[in-house]
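> Sequence:
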Amino acid sequence: MRGHNTNKFVEATIRVLKDTMLGRADAFHVVALVEAIATVWQKLFEGRILRQAYCHVANHQLTYKRLLSRIPEGAADNIKVFDNGLYGVPSATNSTTYYEVSADVGACACPAGIQGAF
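Count along the sequence shown from 1, then add 284; that gives the number in my numbering.
Any given hint could turn out to be false.
Derived PhoX-like pairs: lysine-lysine, alpha-carbon spacing no greater than 25 Å straight-line [stated by the list, open to error]:
id : residue 1 : residue 2
1  : K327      : K349
2  : K292      : K302
3  : K302      : K327
Pair by pair, the computed Cβ-Cβ distance ranges are [said to hold, decoys possible]:
id : residue 1 : residue 2 : range
4  : A320      : S375      : 48 to 58 Å
5  : N343      : E295      : 45 to 55 Å
6  : P395      : R332      : 14 to 24 Å
7  : R354      : W325      : 32 to 42 Å
8  : Q336      : D361      : 47 to 57 Å
9  : R350      : R299      : 22 to 32 Å
10 : T347      : F293      : 21 to 31 Å
Honestly, the hints are just simulated from the structure, not real lab data. Just so it is clear, CB atoms sit at the ideal spot from N, CA and C, and this is done for glycine as well.
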């Protein structure tokens with residue numbers, strides 16, 4: 285089992301390397317390949333570092349915005365605060381059903397939350 289997972293990981297890594305770094309070009313000999321990977325990786329990581337430095341948006345803010353875009357209009361007004369970090373959130377399909385959400389623990393009583401989603 286371990287060897288099979290290793291092979292899949294290596295195949296996926298090489299596929300990403302070929303797609304991202306080499307642009308599916310096959311006309312490289314060893315020296316040109318090393319030079320191309322070094323220069324492309326340098327540009328790629330410089331871009332990532334500069335994006336992080338100049339336009340830093342925290343991951344929790346991005347997740348919050350994504351979750352807000354998924355809730356129906358006006359649903360945020362129907363959220364009930366039970367206690368510190370414990371909320372009652374209405375169901376998207378049944379307006380009479382409320383699910384308990386514990387923000388402190390990161391757990392939800394909804395069907396998706398039971399499986400581990402928040």
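> Hints numbered earlier in the text: which of these fail when held up against the supplied structure?
1, 5, 6, 8
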